[in-house]
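Participant: The lines below spell out each chain.
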Amino acid sequence: MKSADEAAFREYVAARMDEMRRIAYLVCHDWHTADDVVAATLLKLYAKWRQAERAENLDGYVRAMLLHTWLDERKRAWRRRESAGALPDRQAPAAPPGDEQGLMALLRGLPPRQRAVVVLRFYADHSIEETAALMGTSVGTVKSQCARALATLRQHAEESGVRP
Amino acid sequence: MRTVFDEAIGAMPPPGVDVERVIARGRRRERLRRWATGGGAVAAVGLVGATLLVTAGGTGPQEQYAAPPVPSPSPSASANPTPSPLGKAYRTPPAEAQATEARLSEATKAALTRVVPGATTGRSHEGKDPFRFAYLYHEADRSGGDFDHYNAAADVTGNGRSGEVSLSVGRRSTVWSVPTDCTSFPAHLCTVSTGPRGETVLANRIEEGVVRDNYVAVTRPDGTAILIVAANQGGQGDTGGPRQTEPVLTMEQLIAIATDPALHI
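Sequences listed follow chains X and C, in order. Following our numbering, the numbering of the first sequence begins with 1 at its first residue and continues without gaps. Following our numbering, the numbering of the second sequence begins with 1 at its first residue and continues without gaps.
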């Protein structure tokens, strides 16, 4: 990468680091894993920076890359555990203090892809069409995943008496 | 809605991501990729259709390789004593590729144990079984040729050190042509010599901040190429820091593994 490209990469990462960490935390629920996912995403982004810079929506491109990195890492960790027949190598993250019954707990109850869709749609404010493009899926799938996710969130919220 | 989420997230701890380290890894990865796939196209282009000297899925170690090499006395742009006999790779049938994968895995583990007695291996940074080879075949693209080779990696502990060792074994082709001279490398970190069976042996040191690799590229007279890289940490995708100053295997140990006749395709 040329030094000018590296400077642009640094500038972008500095400006977006907090948001990337928040998004990773929303899906991972622990800061250590979230930082690992962000670091792995940045490594991929570095390799594809010239292509990424040309993206129509760079932020969306990076958010999608981050969520796919997380989904891939989950699959990999699952395969490792399955093939080793061992216990998880990391304890399931505890709910953040004060949020045992809150939004984070509700999000944790969603299947991974639904969680990713909810984060893109309702945290990053992407439209249904953008979310579909970023997740590499159809508009219909995003609609149904959002509907299922919201229904699950509502049900959990009613049962636990919290506002999602 | 975003505010509700931000409230749920709460206060953020200090970032655990070192951007400079990511950049150092990114540079290193870029270099490794460039060195592994480029640079030899010109040497191989005129050799399309040349005699196929390598037969995939051989039955045993080749104690001697096909043709005697021309010595490579010094690193120079024109020094390419072992041009590929192949201008174009071909797709190895699946059953044959699987047999070769298994054979290479055993041969690599045996070579490691011979070179570093007591060495142990763990899963690679990608979570794959140690030195479990995977066959890769890429269709021809705009760069003009196919390539096929076998890749594997493992987290190795030995010599009182640990780190990732990754390995590729394949046939030189128009696209997959490992370097045989030092023109792409810092002169003071790179050497070229001739191996015990006439191989061209390039040894290069990669230093990116605290991350260090020993990188060896062996090209045999029959066109087979072996790339082996030892790191001082857990691989290109590892987010952890270096485990010690030096890579897990020395240059001499890497050369001993890469020139082992049992590693053939």
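Just to be clear, a hint being listed does not mean it is correct.
[As the list claims (entries may be wrong)] The list that follows gives simulated cross-link-like pairs (lysine-lysine, DSBU-like), each with its CA atoms no further than 35 angstroms apart:
#1 K2/X - K48/X
#2 K2/X - K143/X
#3 K44/X - K2/X
#4 K128/C - K44/X
#5 K143/X - K44/X
#6 K128/C - K109/C
#7 K2/X - K109/C
#8 K109/C - K143/X
#9 K44/X - K109/C
[Said to hold, decoys possible] Not the full set, but computed from the structure, chain X residues with beta-carbon under 10 angstroms of chain C:
#10 E6
#11 A8
#12 R10
#13 F122
#14 A124
#15 D125
#16 S127
#17 I128
#18 E130
#19 V139
Rather than coming from a laboratory, the hints here were simulated on the basis of the structure. Please read these numbers as outputs of a predicted model, since none were measured by experiment. No residue lacks a Cβ here, since even glycine has one placed at the ideal position from N, Cα and C.
Participant: Could you run down the list of hints and mark each one as holding or not?
Facilitator: Against the structure, the hints come out as follows:
no., hint, result
1, K2/X - K48/X, "holds (13 angstroms)"
2, K2/X - K143/X, "violated (41 angstroms)"
3, K44/X - K2/X, "holds (16 angstroms)"
4, K128/C - K44/X, "holds (19 angstroms)"
5, K143/X - K44/X, "holds (29 angstroms)"
6, K128/C - K109/C, "holds (15 angstroms)"
7, K2/X - K109/C, "violated (39 angstroms)"
8, K109/C - K143/X, "violated (50 angstroms)"
9, K44/X - K109/C, "holds (30 angstroms)"
10, E6, "holds (7 angstroms)"
11, A8, "violated (12 angstroms)"
12, R10, "holds (7 angstroms)"
13, F122, "holds (5 angstroms)"
14, A124, "holds (8 angstroms)"
15, D125, "holds (7 angstroms)"
16, S127, "violated (14 angstroms)"
17, I128, "violated (15 angstroms)"
18, E130, "violated (15 angstroms)"
19, V139, "violated (20 angstroms)"
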